[in-house]
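Novice: Starting from the known structure of chain A, fit chain B onto it as the hints suggest.
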Amino acid sequence: DQQVKQNSPSLSVQEGRISILNCDYTNSMFDYFLWYKKYPAEGPTFLISISSIKDKNEDGRFTVFLNKSAKHLSLHIVPSQPGDSAVYFCAALTMDSNYQLIWGAGTKLIIKP
Amino acid sequence: NAGVTQTPKFRVLKTGQSMTLLCAQDMNHEYMYWYRQDPGMGLRLIHYSVGEGTTAKGEVPDGYNVSRLKKQNFLLGLESAAPSQTSVYFCASRTGTGMQYFGPGTRLTVL
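Those sequence lines, one after another, are chains A and B. Numbered per this note's numbering, the first sequence spans residues 2 to 114. Numbered per this note's numbering, the second sequence spans residues 65 to 175.
I should point out that these hints are in silico values taken from the structure, not numbers from a laboratory. Warning: the hint list may mix true and false statements.
Only pairs whose alpha carbons sit at most 30 Å apart, straight line, appear in this in silico DSS-like list of lysine-lysine [claimed, not checked]:
#, chain 1, residue 1, chain 2, residue 2
1, A, K113, A, K38
2, A, K6, A, K69
3, A, K38, A, K57
4, A, K55, A, K38
5, A, K69, A, K109
6, A, K109, A, K55
7, A, K38, A, K109
8, B, K135, B, K73
9, B, K135, A, K38
10, B, K73, A, K6
11, A, K109, B, K134
12, A, K38, B, K121
13, A, K55, A, K6
14, B, K73, B, K121
15, B, K121, A, K6
16, A, K109, A, K6
17, A, K72, A, K57
18, B, K134, B, K121
19, B, K121, A, K72
20, A, K6, A, K38
21, B, K73, A, K38
Chain B is faced by these chain A residues, among others (derived, beta-carbon under 8 Å) [what the hints assert, rightly or not]:
#, residue
22, Y33
23, Y40
24, A42
25, G44
26, P45
27, I51
28, S86
29, F90
30, L94
31, D97
32, Y100
33, W104
34, G105
35, A106
36, G107
Ideal Cβ positions, reconstructed from N, Cα and C, are used throughout, including at glycine.
One chain only, chain A, in its complex shape (with noise of 0.2 Å):
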């Protein structure tokens, strides 16, 4: 039973435009959400997160967005750049759970010039 899915294994986009990476989750009680980015022969590296009492974080080119009636969040890279183009994850904690991060299957994204 996955709590965090990641629909889209990949994702092209043109550079300069935006880019919106999709996150279901069904576990109600998840206290933040985060983004790790990841290139290859990498480790992940975090990108941004957000508080579940919160709808939107940004930083800079990211913003996060967190849905939580629909249990959805969403990444909005704007505008997407060459240097983007990695696997996101997308994962999910709860507090109570000693911070052990529950993760997505990730999503490809390439960033075409």
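Specialist: Okay, now just chain B, sitting in the frame of chain A:
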């Protein structure tokens, strides 16, 4: 400040062989984790540690053992490797606020 390092980067084993993967962090983090990542799947937690001398099972612990004898090191052992353990293994440590920092990964192939 090297962050999280993993040794080795690559390894090929034959079925039944044993090996130990080493993870080291220099950020003085209490919590450390071992994950595996397989194609088309998210990271799955194998074992974790909440401090020196402690270990706990994660989602997929079977076939693995761990030890945390020193705060900065977290070892993952495979006593009798199986082809199903072919994967990329990531170690992570985390801050008090929950953010996890990852090593570069170890790519293991079991023939």
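Novice: Please go over all the hints and tell whether each is borne out by the structure.
Specialist: Hint by hint, here is what the structure shows:
The suggested pairing of A:K113 with A:K38 holds, with an alpha-carbon distance near 18 Å, which does not exceed 30 Å. The suggested pairing of A:K6 with A:K69 holds, with an alpha-carbon distance near 15 Å, which does not exceed 30 Å. Between A:K38 and A:K57 the CA atoms are separated by roughly 19 Å; this keeps the pair inside 30 Å, and the hint holds. Between A:K55 and A:K38 the alpha-carbon distance is near 22 Å, which keeps this suggested pair within the 30 Å criterion.
With a C-alpha separation of about 25 Å, the suggested pairing of A:K69 with A:K109 holds against the 30 Å cut-off. Proximity of A:K109 to A:K55 is assessed by CA-CA distance (about 26 Å); at most 30 Å being required, the pair is judged to hold. Under the criterion of a C-alpha separation no larger than 30 Å, the hint pairing A:K38 with A:K109 is consistent with the structure, at around 10 Å. The straight-line distance between the Cα atoms of B:K135 and B:K73 is roughly 22 Å, inside the 30 Å bound, and the hint therefore holds.
Annotation: proposed proximity of B:K135 to A:K38 holds, straight-line Cα distance about 27 Å (limit 30 Å). Between the alpha carbons of B:K73 and A:K6 the distance comes to roughly 29 Å, so the proposed pair stays at or under 30 Å and holds. Between A:K109 and B:K134 the CA atoms are separated by roughly 37 Å; this puts the pair beyond 30 Å, and the hint is violated. Distance hint between A:K38 and B:K121 is fulfilled; the C-alpha atoms sit about 26 Å from each other, no more than 30 Å.
Between the alpha carbons of A:K55 and A:K6 the distance comes to roughly 20 Å, so the proposed pair stays at or under 30 Å and holds. Distance hint between B:K73 and B:K121 is fulfilled; the C-alpha atoms sit about 24 Å from each other, no more than 30 Å. Distance restraint check for B:K121 and A:K6: the Cα-Cα separation of roughly 23 Å lies within the 30 Å cut-off, and the hinted pair is therefore satisfied. The suggested pairing of A:K109 with A:K6 holds, with an alpha-carbon distance near 14 Å, which does not exceed 30 Å.
Under the criterion of a C-alpha separation no larger than 30 Å, the hint pairing A:K72 with A:K57 is consistent with the structure, at around 14 Å. A hinted pair counts as satisfied when its Cα atoms are at most 30 Å apart, and B:K134 with B:K121 qualifies at roughly 18 Å. Restraint check for B:K121 and A:K72: satisfied, since their Cα atoms lie roughly 28 Å apart, inside the 30 Å limit. With a CA separation close to 16 Å, the supplied pair A:K6 and A:K38 stays within the 30 Å bound.
About 20 Å separates the Cα atoms of B:K73 and A:K38, which keeps this hinted pair within 30 Å; it holds. Interface restraint check for A:Y33: the shortest CB-CB distance to chain B comes to about 7 Å, inside 8 Å, so the restraint holds. Nearest Cβ of chain B to the Cβ of A:Y40: about 10 Å, over the 8 Å cut. The hint is violated. A distance limit of 8 Å between C-beta atoms decides the matter here; for A:A42 the minimum to chain B is near 7 Å, and the interface restraint holds.
The interface hint given for A:G44 is met, as the beta carbon of that residue sits about 3 Å from the closest beta carbon of chain B, less than 8 Å. For the restraint placing A:P45 at the interface with chain B, the shortest Cβ-Cβ distance is roughly 5 Å, inside the 8 Å limit, so the hint holds. Of the supplied interface hints, the one on A:I51 is violated, with its beta-carbon coming no nearer than about 13 Å to a beta-carbon of chain B, more than 8 Å. Look at A:S86: its Cβ only gets to about 18 Å from chain B, farther than 8 Å, so that hint breaks.
Because the smallest distance between the Cβ of A:F90 and any Cβ of chain B comes to about 6 Å, under 8 Å, the interface hint for this residue holds. Proximity of A:L94 to chain B holds as hinted, the smallest CB-CB distance being about 6 Å (cut-off 8 Å). Nearest Cβ of chain B to the Cβ of A:D97: about 12 Å, over the 8 Å cut. The hint is violated. About 4 Å separates the beta-carbon of A:Y100 from the nearest beta-carbon of chain B, less than 8 Å, and the hint is met.
The interface hint given for A:W104 holds, since its Cβ lies 3 Å from the closest Cβ of chain B, which is under the 8 Å cut-off. With its C-beta approaching chain B no nearer than about 5 Å, A:G105 sits inside the 8 Å limit, and its interface hint holds. Evaluation of the A:A106 hint against chain B yields a held restraint, the C-beta minimum of about 5 Å falling below 8 Å. For the restraint placing A:G107 at the interface with chain B, the shortest Cβ-Cβ distance is roughly 6 Å, inside the 8 Å limit, so the hint holds.
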